[in-house]
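Those protein sequences? They're chains A and B, same order as listed.
Residue numbering for the first sequence follows full-length UniProt numbering, beginning at 1 and increasing consecutively.
Residue numbering for the second sequence follows full-length UniProt numbering, beginning at 1 and increasing consecutively.
Among the hints, erroneous ones may be present.
Since the list gives no way to pick out one identical chain from another, each pair is judged satisfied if it fits inside one copy or across any two copies.
[Unchecked claim] Straight-line alpha carbon distances no greater than 30 Å define the calculated DSS-like cross-link-like pairs of lysine-lysine that follow:
hint, residue 1, residue 2
1, K284, K364
2, K235, K386
3, K348, K151
4, K173, K191
5, K5, K413
6, K175, K349
7, K142, K255
8, K413, K235
9, K279, K360
10, K191, K364
11, K390, K341
12, K386, K279
13, K455, K12
14, K413, K394
15, K278, K418
16, K279, K364
17, K235, K255
18, K455, K24
19, K235, K278
Simulated from the structure, these hints should not be mistaken for lab results.
There are 2 protein chains.
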Amino acid sequence: MKDIKSYVEENKDRFLNELIDLLKIPSISADSNYKDSMLKTAEAVKENLLQAGCDAAEICETPGHPVVYAEKIIDKNLPTVLVYGHYDVQPPDPLDLWNSPPFEPVIKETEIHPDGAIFARGACDDKGQMFMHVKALEYMTKNDELPCNVKFMIEGEEEVGSEHLGWFIENNKEKLANDVILISDTGMIAKDTPSITTGLRGLSYIEVEVTGPNRDLHSGLYGGAVANPINILSKMIASLTDENNHITIPGFYDKVEELSREERVKMAEAPYSEDAYKKKLDIKDVHGEAGYSTLERASIRPTLDVNGIWGGYIGEGAKTVLPGKAYAKISMRLVPNQDWKEITQLFKKHFESIAPDAVKVEVKPHHGGQAYVTPIDNIGYRAASKAYEKSFGKTPIPQRSGGSIPIVTLFEKELKSKIILMGFGFDTDAIHSPNEHFGIWNYLKGIETIPWFYKYFTEMKQE
Amino acid sequence: MKDIKSYVEENKDRFLNELIDLLKIPSISADSNYKDSMLKTAEAVKENLLQAGCDAAEICETPGHPVVYAEKIIDKNLPTVLVYGHYDVQPPDPLDLWNSPPFEPVIKETEIHPDGAIFARGACDDKGQMFMHVKALEYMTKNDELPCNVKFMIEGEEEVGSEHLGWFIENNKEKLANDVILISDTGMIAKDTPSITTGLRGLSYIEVEVTGPNRDLHSGLYGGAVANPINILSKMIASLTDENNHITIPGFYDKVEELSREERVKMAEAPYSEDAYKKKLDIKDVHGEAGYSTLERASIRPTLDVNGIWGGYIGEGAKTVLPGKAYAKISMRLVPNQDWKEITQLFKKHFESIAPDAVKVEVKPHHGGQAYVTPIDNIGYRAASKAYEKSFGKTPIPQRSGGSIPIVTLFEKELKSKIILMGFGFDTDAIHSPNEHFGIWNYLKGIETIPWFYKYFTEMKQE
C-alpha cells in the first residue's frame, strides 16, 4: 500500500475530470422535472463502478428513484465492506446567490482551500465524497491491493428522505450482507484536525398549511376582521419556542438523552473559536437554547427550524392582499432516544391544538429518521482511526455531528452491522447552500485514506 | 335627462365590449415587465375620452407611469367636475386560482349578479368603474345634457401608491382646478341598499428584511446554534399584536379617533349578518380586535396585516436549509388623525428595536396615505345623494369603508375641493383577488346615476 500517495498524485487530473463530469448532471431528486437527469446520473455511477473494477453493477428500480448496486467479490470467506452513498443532490435554489451555475463545475482557490476547490451542487454532498470510494476501489483493483469483498449501494433519494431505501434493503438483505458499512457523507474538523463522526441527529420534516378565508381578500375591506393566515402562522411558529429557545411542544424533551458532565467537558475540549465562527457567518451573536454552548446546540441538542415560509404577495412592489393561505416547511433535528415518528405526532397534535378557530390547519409529515451514535470500541471505528493515523499522521477525534442521515439506523437494524462515518468535507463547504464546494486536497486525501481502512479492517476482522 | 335609462339600454352591448377591450390589456403597474401595456392602456383611455366628447386629451409623462388628462370645457363660468380614476390594476397572482385568465374577460352569472358579471383583473378596480364616467360623459355630450365643465385625471400608479401623482398635481394646479372631485373606486352595500362612502382608512405599506448568517446554511450543522431569520421574523411579527389583537407598537393608538357611542350605535344599524359573512368566506369564526364588532374592525379601527412573507426553500419537496434571509410585506390601515408618515416611523423604530442581536433588520417604507372622512353636509354629497335617489329610488346610506385611496387627502389639500366617492362595486367582487369581477347591473347603474350628479351639482352650485 505504500504507493497509494503516488497513484493519487499521478492520476489526480483524471480523478478531478471524472468527478466534474458527474457533477454536470443535475440530479435533483426533490424536483420531478429532473427524472431523466436522475437516470442519467445512475447510469454514469454504474459505468464508473464497472471501470473501477466491480464484477457486476446494476440499476435497481424502486418505486422512486433507482439504487445503483455493484460488487466485487474476491473470496466469500473474506470480510465484506458495504459502501453507501447517494447520487442525488439538494435543489440549488436560490440560484441568484451562486457565483457560477450550480451544474457547471469550476475550480477556484479559497482561503480554506488554497489548493483549489470544485464549486458545484453535489461537489461535497455527496457526489464528491461518494466518488472517493470509486477511485479508492480503482487503486486497489489496479494494484492488486483489495484485501476483501466490496459492495456499493448508491441511492438517489437521500435528499428527500430515502423514502424507498428501506423497501430496497428489506428486499435485498442477502445481496447486501456485509461486515461493516462505510459512508462518506459527513465532515471533519480541519486539515490538521482529522475527525470521525460518531453521532448524527435524527430528523422530522413537516409541512404546514394555514387556511383563512376561502380566497385572497382585499386587506382594506377585510383587514382587522378576518384572520390573516400569515399573521396567524407567524404567531403559531413563534409560540413553538419560548424565551429560552426551548421547544414548547408538550413531551418533546421527555426522552432526550442528557449527556453527563464529563462528556460535556470532553466535548468542550474540541478546538473551537466562537469569534472565528461568528466572523465566518458575519453574525453579531450566536443564538440558541439557554444553558448550552454553540457546539452542544449544534450536535447533542434537538432543534426546530423553519426551512421555508411563503404566503401572500411576494412579487415586486406592493399588493394589499389578505391571503387565503400561508405555508411553512418546518424541521426538527432530534437526538438519541427521541423517536422521529413519535415527535412528528407530538408536533402535529400540538400545532393543530394551538390554531385559533378562525383558521384551518393542515400538518403534513414529510420524512424523518432516528438519531444515531457509533460506539468507538468496535473494529470498524478502530480500523478507521488507524487509517487516518496513517494518512494524516494524527489520531482522529470522535465527533458528534448535528446533521442527519435518516437511513443510518435502519442499516444497523436490518443489516446488523456497524456504520463508520468517514467524512472529508468541512463545515464551510456550503453543502445545501449556494456555492457548495469540495476541496481538492480533501477529495484526494479521502481517496488516499480509504484503502488503509480496507487493509486494517480486514486484518482486525481476521485476528 | 329622462332618456338616460333608454340610452343605456340601447347601447349596453357596445358599453360592455368597449370595457372588455380595455380589460384585455394587462396594465400591471407593480411589475416593470408591463411597461408597454401600461402605455397601451393609457392610449386606449385617451382615445375613449376623445370619442366620448372631450375637446382635448393628452398623455402626461411623469417620472413613473403617465397620467391621462382630458377635458371638456363648455363655459368657464359654470362649475367644473374633476373625475379621478386609475387605469392600472393589481398583479393577478396567484394565477392558478383564477377560473379564467385574468386578462381574457368573460361574462358569467353569479348568485349576486344574476344579470352577469365581467370577470377580469381590473373589471371593478378600477377600469370598469372609471369607464362608467367615460360612458356617462358620452351620454351627456351626445344628448346635449352636459350641464357643466368636466375634467378627467386617470392615473397609472394607484395600485403602487400613486407615487408621482402628488408631483403631477403640484405642477398642474391650474389645469386641474375644479369645484368637486368625483371618484368611483369604492363599493356600495347591496342592490337594494345604495351607499356612498364617506370615510377611507389610511395606509402605511412596509417591506422588512431579516438577515441571519451571510449565506444559506445546512440546518443540521448550524440549526440550534445560529439564528434562523424565518423563526426570528415570525417571532417579531407575532409580537406586533397582543392577545387582544391590539397592535403593540408604542404610540400607535395615540391619535386614533374614537367614535362616540351614538356613532357606533348608528353604524350597528347597517344591514349585516355575521353568519352570512362567515359562510361567504368559509370561516368558522371572525378574528379581530377585542371590544369591536366586525363592521367596526373593518372600517373605523386601524389594523396590521402581513400581505406577503417569504424565505428559505419554497419549492417542491424538502430542503433542510437554515436560510440567510427572510422577508415580509406588512401594511397597516390607519384611521382619521393617524399620520401615515409618523406611523411608518413608529413601526420602523419599534421593529428595529425588537430584533435580537443575532440578526440584522432592514425596514423599507414603501408607500402610504392618510385616512379621509367626507362631511355629508356639503353640496357634493347632497348632489350625489339626490342622484342615487333618482336612479335607485332610495336614499343612499353614508358608509365608512375600510379600504384606502391614499391620494385622496392630497386632492383636498392641493386642489381645495371635496371628494365624492360614488362606488358601485360590491365587497364580494373580489378586487385584489383571483376572479375579480364587476356586475353588469352595477356597471350600467353607475352610468345611469352619474349624469344626475352633474345635473344636481350644477343646480345646487348655482343656487
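Now the hints, each set against the structure:
no.: 1; hint: K284 <-> K364; verdict: between (35 Å within a copy, 22 Å between copies)
no.: 2; hint: K235 <-> K386; verdict: neither (52 Å within a copy, 48 Å between copies)
no.: 3; hint: K348 <-> K151; verdict: neither (39 Å within a copy, 60 Å between copies)
no.: 4; hint: K173 <-> K191; verdict: neither (37 Å within a copy, 73 Å between copies)
no.: 5; hint: K5 <-> K413; verdict: neither (36 Å within a copy, 83 Å between copies)
no.: 6; hint: K175 <-> K349; verdict: neither (40 Å within a copy, 65 Å between copies)
no.: 7; hint: K142 <-> K255; verdict: neither (50 Å within a copy, 84 Å between copies)
no.: 8; hint: K413 <-> K235; verdict: neither (40 Å within a copy, 40 Å between copies)
no.: 9; hint: K279 <-> K360; verdict: between (42 Å within a copy, 14 Å between copies)
no.: 10; hint: K191 <-> K364; verdict: neither (42 Å within a copy, 44 Å between copies)
no.: 11; hint: K390 <-> K341; verdict: neither (41 Å within a copy, 68 Å between copies)
no.: 12; hint: K386 <-> K279; verdict: neither (34 Å within a copy, 71 Å between copies)
no.: 13; hint: K455 <-> K12; verdict: within (22 Å within a copy, 90 Å between copies)
no.: 14; hint: K413 <-> K394; verdict: neither (32 Å within a copy, 79 Å between copies)
no.: 15; hint: K278 <-> K418; verdict: neither (36 Å within a copy, 58 Å between copies)
no.: 16; hint: K279 <-> K364; verdict: between (37 Å within a copy, 26 Å between copies)
no.: 17; hint: K235 <-> K255; verdict: both (27 Å within a copy, 27 Å between copies)
no.: 18; hint: K455 <-> K24; verdict: neither (33 Å within a copy, 74 Å between copies)
no.: 19; hint: K235 <-> K278; verdict: both (29 Å within a copy, 22 Å between copies)
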